[in-house]
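Student: Chain order of the listed sequences is D and C.
For what it's worth, this note's numbering labels the leading residue of the first sequence as 240, then goes sequentially.
For what it's worth, this note's numbering labels the leading residue of the second sequence as 23, then goes sequentially.
You may find that some hints are simply not true.
EDC-like mimics (lysine to aspartate or glutamate), calculated; alpha carbons at most 20 Å apart, straight line [what the hints assert, rightly or not]:
#1 Lys186(C) <-> Glu263(D)
#2 Lys266(D) <-> Glu121(C)
#3 Lys186(C) <-> Glu278(D)
Keep in mind the hints are simulated off the structure, nothing from the lab.
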Amino acid sequence: MSVLHKDTPVGFELPTIAKKFRLEDFKRADEKTIHTDYEAAAREGLPAPVAIGPQVAALLFRQLRLCFGNGWIVGGKWNLSFRRPVFVTDFCVARGVVAKTEQEDGKLRIHCDVWIENQDGNKVIAGTASGLVPLAA
Amino acid sequence: MTTAKARVLEDAKGRRATFDDIAVGQTLGQMEWQITDELIDLQCQLDQDFDPLFFPQQGGKRIAPPQITYRPPRWLISRAYNVRGLFVGWEMESFRAIEAGTTLSVSGKIIDKYVKKEREFIVFEAEGRDAAGHLVFRTRRIHVLDFVERSAPRSEAGIDSGIKPEKI
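Using the sequences and the hints, build the whole thing.
Tutor: Quick look at the structure:
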């Protein structure tokens, strides 16, 4: 059962998905990367290892899969900006709100404003996403 | 350990691509990528998403999360240029479910490059098609070449590289 449906109003707040990341979440084999190694990050001018962007954005993808179900798998769209680095031990929470709806090929496309905040309340990823829901009840 | 005030000139995999090296309009070639059960397992583990859509019971068709498509376009860039930097923009449209066992043909192209806030950005597009030629996904990515501003000299020795093993 998807969270969003044809009668979901504009302004509806999407369920939040949160995670406290750990450096270990980004390790692959023994490779030293900007995601796992302080020196490798420093050589790139970064104060600490940064999280892998798509792994952080995955909080939004879980949220949107929950909201749209199959209407996310087929018909899902997103446009995200990674506005500032997420560091590997940051806490992040995915949030979103229904922005508008429009009919599309016999279904309803629900557009959402979505973002991820870090532990300081800064929007580290922000953008839009949409998926499809049936028009019939 | 001090944070660099220079940009990376070279890393373990060779010289970094510079802004001038990047050719707008260049095609990035094509790659075949099979979506196996193991890849779906790994993607779901990374994303901590274990929805029954991805782990069907009672013999249902298994599908992959759409974001599993992140990597092949990045690998195509890495085949052409040694770009590390940071991933800063991601547009994506999912047109078809990606079933386990599907082989995707992924191709890409560099469509733009620009300078903003003293940093250098590249924009590339990619699409994936199934064996029947159906469009499965289309994506546009933006990548900043360096975290350090472009006014800094390119003289640092890097550790990490943009050239990665082509696996999740």
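Student: Looking back at the numbered hints, which does the structure fail to meet, lowest number first?
Tutor: 2
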